[in-house]
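Engineer: Spelled out from the first residue to the last, the chains are:
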Amino acid sequence: MKNNIVTRFSSLEKDNEKALIIYLVGGYPDMETSKQIIETAIKAGADIIEIGIPFSDPMADGPVIQQAFSDTLQNGIKPLDCLELVNSIKNSYDKIPIVIMTYSNILYSNGLNKFLRQAKDSKVDGFIIPDLNYEEADDFLEVTRDLDLATIFLTSPNTNVKRLEKISSISTGFVYMVSVYGITGARNRFERYTFDSIKRAKQVTRKHKIPLAVGFGISTPSDGKKMIKAGADGIIVGSSLIKLISLYKDNKDAMLSNLSTFIQQLKNACRT
Amino acid sequence: MKVNLIPGKFGTYGGRYVPETLIPALEELDREYQKLKKNKEFQSELSKLLGTFAGRPTPLYFAKNLTKKLNGPKIFLKREDLLHSGAHKINNTLGQALLAVKMGKKRIIAETGAGQHGVATSIACAVFGLESVIYMGAKDVERQQSNVFRMQLMNSKVNPVISGSKTLKDAINEALRDWISNVADTHYLIGSVMGPHPFPTIVRDFQSVIGREVKHQITQRTGGLPDAVIACVGGGSNAIGSFYPFLNNEKVKLYGIEAGGKGTNTDYHASTLSKGRVGIFHGMKSYFLQDSYGQIKEAHSISAGLDYPGIGPEHAHLKDIQRVRYPKITDKEAVNAFLELSRTEGIIPALESSHAIAFMMKTAKDFRKDESVVITVSGRGDKDLQIVQDHLGNNSLE
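Sequence lines, in order, name chains A and B.
For what it's worth, my numbering labels the leading residue of the first sequence as 80, then goes sequentially.
For what it's worth, my numbering labels the leading residue of the second sequence as 46, then goes sequentially.
Don't take every hint at face value.
What the hints assert, rightly or not - Quick list of in silico lysine-lysine cross-link-like pairs, DSS-like style, CA-CA up to 25 Å:
no. : chain 1 : residue 1 : chain 2 : residue 2
1   : A       : Lys322    : B       : Lys211
2   : A       : Lys157    : B       : Lys211
3   : B       : Lys151    : A       : Lys193
4   : A       : Lys157    : B       : Lys342
5   : A       : Lys81     : A       : Lys93
6   : A       : Lys241    : B       : Lys80
7   : B       : Lys320    : A       : Lys193
8   : A       : Lys322    : A       : Lys93
9   : A       : Lys169    : A       : Lys114
10  : A       : Lys241    : B       : Lys83
11  : A       : Lys114    : A       : Lys93
12  : B       : Lys83     : B       : Lys151
13  : B       : Lys320    : A       : Lys157
14  : B       : Lys54     : A       : Lys245
It is worth saying that the hints were derived from the structure and are not from the lab.
Remember, predicted model here, so these are calculated numbers, not experimental data.
Working from the sequences, and respecting the hints, build out all of it.
Structural biologist: Shown next as structure tokens:
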């Protein structure tokens, strides 16, 4: 059976659309709301959902996601609660691809084999681990291959072609291009090097027939359009949504309707 | 005995667990370091600086009063506390700053807990005219005002870190985030034998000057190698520096002393090797204090320099193969040792180093009188006077 992510990218290609990948923190601001947010995102047009499992020390994340992680941990959310969340979403939306984003220690500390198997049982489609690069990924690759979980590795503007070739060859689902030198969080503007490096990366990923999705700092539909114009097959939006969620923490209806509108606008940017 | 077969790996520990953005910088650092390590000019420039500026070699002092009082082995103190800045940290900062200059980097970032590494980094940056930005937990900034001022005097910018627990581990997170954002012109001057490869190797090499001097000095004095070497471990740089030249001399017993804080039956300790679990954090695989779900815990020790929930990967390996023992000493035992060395020898040791002294006091009876033991006094205790006064409270000294 084909992985859900692959299926989704090919159907998007047929429709001449790019992928909108929505990043949300599992269990933020609370479990029930988190589930409603994900459902809202799916209904508003998200093509792939990325769920962050909170880690105490997220080195690749900016202040917005750091705060959401720390609030969620304060509320006692455990890694398995996030897998359970995926499972409950999949009960109603079995075709939507859902990937987990978390840090190496969560995988290894919970038992790599055991945890990946639990993820598979919860219908997780793949993993993004920002502090895991291929030199250290042998065990991870072996177990994920056995379980048919997608492995999405990251590439960055300063990654050389040789590394990018390797990253493209071991990634399944898509390759995650980090748009900037920096951590997650909105940017006022992107510099030329971002678009140049998307173009360069696209030449390699095209050869390997794997989609290239771009994330970090994308906070408006117009940012998204620029990434797509440079060659991205998908855009990943996270911090600006988390910011919206935290802003409307005390008014759930307003939160969900604002999220819905914003995600629809982002999806429209993927249709040009 | 071969300890380090694959570059960057110590047994199964170490490695390079970082965002892809940092990989080119780590590869460049590794390449340049390997080149400079063999470069005579680089080595002589560094040793000249260590000699004329930092104060090397440091003395190996026979502590006759303590030896007599404990009625155990002959005790020798390696006096790293006499270095400029008052601690061993400068061995590493001068080395890495020189490395950064040779690599053409203009800007240095560093983390600091209580401020010792921040001060040593500020000194090195002043020497080489490098821009210096120090990340320090907001809680530590408040607790260590005088070190903040020291750093500022030497032209460093001190950035308080308000994320997470607002202490050392968060300062490291923030330094890593800065490095990810400014990787092209910035060198991250890590303060201990930790982080992603090649840092644990580079810092060990720069600190190994301690053990090399000890080997030479003790042989001259006693005609042979010591029977044991004792040093405290937080991240583990003064310990690995003291141990490394002796690793192949299997008759030399090596003891790395962890901070037992208020006791390892409480939540307030920094005994990573005896109470932690294997995990991946700050770019390396090693032992960490963490909860059962993999969230990193805060550490506690009366000595700020040992107050870190992880440990260098080479120590993790040396523990597993049982080449080094890692016993623990509580806050209270360390303070007693602080007082004891001050009284008997006229040397006020850092609270970190006091852990090593305390272990000697505890185990003196297990050694024969004709044996000799070297203790690394990694730093001086001036920075700890207030903490010890507060700890003693109403209990006057006499």
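Engineer: Are the hints correct? Go through all of them and say.
Structural biologist: Now for the hints, and whether the structure bears them out:
With a C-alpha separation of about 22 Å, the suggested pairing of Lys322/A with Lys211/B holds against the 25 Å cut-off. About 23 Å separates the Cα atoms of Lys157/A and Lys211/B, which keeps this hinted pair within 25 Å; it holds. Annotation: proposed proximity of Lys151/B to Lys193/A is violated, straight-line Cα distance about 46 Å (limit 25 Å). Between Lys157/A and Lys342/B the alpha-carbon distance is near 15 Å, which keeps this suggested pair within the 25 Å criterion.
Restraint check for Lys81/A and Lys93/A: the C-alpha separation of about 17 Å stays at or below 25 Å, so the hint holds. The suggested pairing of Lys241/A with Lys80/B holds, with an alpha-carbon distance near 23 Å, which does not exceed 25 Å. Distance restraint check for Lys320/B and Lys193/A: the Cα-Cα separation of roughly 23 Å lies within the 25 Å cut-off, and the hinted pair is therefore satisfied. For the proposed pair Lys322/A and Lys93/A, the alpha carbon gap of about 33 Å is over 25 Å, so the pair is violated.
The hinted pair formed by Lys169/A and Lys114/A meets the criterion: a straight-line CA distance of about 11 Å does not exceed 25 Å. In summary, the hint linking Lys241/A to Lys83/B is not supported, as the alpha carbons are separated by about 28 Å, beyond the 25 Å threshold. With a C-alpha separation of about 30 Å, the suggested pairing of Lys114/A with Lys93/A is violated against the 25 Å cut-off. Of the pairs offered as hints, the one joining Lys83/B and Lys151/B holds, with about 23 Å between alpha carbons and a cut-off of 25 Å not exceeded.
In summary, the hint linking Lys320/B to Lys157/A is supported, as the alpha carbons are separated by about 22 Å, within the 25 Å threshold. Note on Lys54/B and Lys245/A: the hinted pairing holds, with a Cα-Cα distance of about 22 Å set against a maximum of 25 Å.
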